[in-house]
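Enquirer: Given next are the chains, with one letter for each unit.
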Amino acid sequence: MKFSVLTYLLLICAVANAQQINDTTKTIKRSDTSRKVFAYFQFSSGMNIENSSNTPSLPYGIDIAQNSLKNGYYIFAGGSFVIKEKTDLSLQITFRTQTRDNDFFNEGFKNRYPSEEILHLEEMKKPYRLGVQLSYARIFNIKSILLAPKIGIGAFVVNQVEYEYVVRTPHTNYFDLYRASNNPKAEFPVSFGFNITHEKFKWILFTSEVGYSKNQNRYSVYHIKVDQSYKEPPIEELQVNHDRVYFSFGLILNLHIEE
Amino acid sequence: MRHVKLKYFIFFLPFLLASCHGSKNDFSVRYEYNGMNVENAQNLGSHPVPTTLDSIPSTTYAIRVNLDILIHEQGRSEADYDHPVENKNRIDSILVTSSQDFDINSPSGSSLNDKFMCFNGSYFSTSSLDILKLYPTTNNDYMVNSVIDKFDLLLITPPALQSIQKFTVQLFLKDGTVLTDSTNQVTLN
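Respectively, the protein sequence lines represent chains R and X.
In this text, residue positions in the first sequence follow the working numbering: the first is 1, and each later residue adds one.
In this text, residue positions in the second sequence follow the working numbering: the first is 1, and each later residue adds one.
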């Protein structure tokens, strides 16, 4: 689904920009020197690479769940104000994802319970972050190349992630079902990076940034008995913290907003 | 406005396509239960398998319940959440008894529901017999085994001593029908 959303966004931007490039060119030819602020809609997508958690051994496979997370992608949409062609202030709504290494996850549990049979639910939630990010960039024109180092700060919510697994005494009717649920706290990442483009192609930029945030996870583990309500008290509650560093890169499509 | 700009048309196109979703009356299958048979089973692998053995370890014993299906109508759609199956006489409750004394607290003919667990194809899909939950399993929003034609009863509280049992299963359906059948005699060791 993520690629169809990206394709749709790219299509509408390409069509909108195709209609606007001629208008923008006419605006430039009139050399409106009184124009100080340019506004843009921005859409972007790219890779989201995150550092490994390296959580030490914890009960109920919580460390396995933490350490099995891999890279994902990001999408953002927002607005940008370019002031006097020197300063860029932007506000974006950003969606970042991670994927899960299922082989690492399954092998980890098998090694944790070597004498028992482990079964997993096929569908397992993957983590994502949704929030807003405010960025400030300084634009330098170096031989028609527009280079804009930037810094940013954001506020993100992280979705609840959970997994279930069964520990069965092999070749018998006896088994235990566990569900671990993670309710992470909100994150406030800080980031720095750069955008780069050519002044003739301001409608598309390459962007890259590195960010840091404190990832705080609150795990609750439930031993699900037959007909037991999910709202029974958990059998274990753990806080797992992680210094999260991410690196992302992608393309930004700039849609100039005409007055 | 005589002409719609292309960018607006492309913007609204996904919403137009999403609205073409089919009517609420679409269905996949309408059926009813019109019979049942039960057999002894053994749970050595990933799920119970019927067996003709007359001696089975109690830690692996299960009862396979097979349901006879009468399909009234078959719709055009695959079974999913928008096109559910329709069962005219759903199972209301179940009762398991034995012709022999099961243990000191469970004489012949008494309810043995608390000794068994309902297994519906997966260890993530189980329920007690007193609060029976039988739902189609799903795979990517499509219902795998949308018409439930069998399920298993796992013995989770075996008798203290080896004993010979012959279990009777009664299914009480919502339309008042009662389906009954008994297993072959089996030694639980």
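By construction, these hints were calculated from the structure, which means they are not laboratory data.
C-beta atoms are modelled at their ideal positions from N, C-alpha and C, and glycine is treated no differently.
Take the hints with a grain of salt, since some may be wrong.
[To be verified] Once the Cα atoms are required to be at most 30 Å apart in a straight line, the calculated BS3-like pairs of lysine-lysine come out as:
{"hint": "1", "chain 1": "R", "residue 1": "Lys150", "chain 2": "R", "residue 2": "Lys86"}
{"hint": "2", "chain 1": "R", "residue 1": "Lys200", "chain 2": "R", "residue 2": "Lys84"}
{"hint": "3", "chain 1": "R", "residue 1": "Lys110", "chain 2": "R", "residue 2": "Lys126"}
{"hint": "4", "chain 1": "R", "residue 1": "Lys84", "chain 2": "X", "residue 2": "Lys150"}
{"hint": "5", "chain 1": "R", "residue 1": "Lys200", "chain 2": "R", "residue 2": "Lys86"}
{"hint": "6", "chain 1": "R", "residue 1": "Lys214", "chain 2": "R", "residue 2": "Lys185"}
{"hint": "7", "chain 1": "X", "residue 1": "Lys166", "chain 2": "X", "residue 2": "Lys150"}
{"hint": "8", "chain 1": "R", "residue 1": "Lys150", "chain 2": "R", "residue 2": "Lys202"}
{"hint": "9", "chain 1": "X", "residue 1": "Lys174", "chain 2": "R", "residue 2": "Lys125"}
{"hint": "10", "chain 1": "R", "residue 1": "Lys126", "chain 2": "X", "residue 2": "Lys133"}
{"hint": "11", "chain 1": "R", "residue 1": "Lys150", "chain 2": "R", "residue 2": "Lys214"}
{"hint": "12", "chain 1": "X", "residue 1": "Lys166", "chain 2": "R", "residue 2": "Lys185"}
{"hint": "13", "chain 1": "R", "residue 1": "Lys70", "chain 2": "R", "residue 2": "Lys36"}
{"hint": "14", "chain 1": "X", "residue 1": "Lys88", "chain 2": "X", "residue 2": "Lys133"}
{"hint": "15", "chain 1": "X", "residue 1": "Lys133", "chain 2": "R", "residue 2": "Lys225"}
{"hint": "16", "chain 1": "R", "residue 1": "Lys150", "chain 2": "R", "residue 2": "Lys185"}
{"hint": "17", "chain 1": "X", "residue 1": "Lys166", "chain 2": "R", "residue 2": "Lys225"}
{"hint": "18", "chain 1": "X", "residue 1": "Lys150", "chain 2": "X", "residue 2": "Lys174"}
[As the list claims (entries may be wrong)] Not close to chain X: a few residues of chain R, all C-beta gaps over 12 Å, as computed:
{"hint": "19", "residue": "Gly78"}
{"hint": "20", "residue": "Gly79"}
{"hint": "21", "residue": "Phe104"}
{"hint": "22", "residue": "Leu134"}
{"hint": "23", "residue": "Ile145"}
{"hint": "24", "residue": "Gly152"}
{"hint": "25", "residue": "Thr172"}
{"hint": "26", "residue": "Asn173"}
{"hint": "27", "residue": "Asp176"}
{"hint": "28", "residue": "Leu177"}
{"hint": "29", "residue": "Phe201"}
{"hint": "30", "residue": "Glu236"}
Enquirer: Output the numbers, in ascending order, of every earlier hint that fails for this structure.
Expert: 4, 9, 12, 13, 25, 26, 27 and 28
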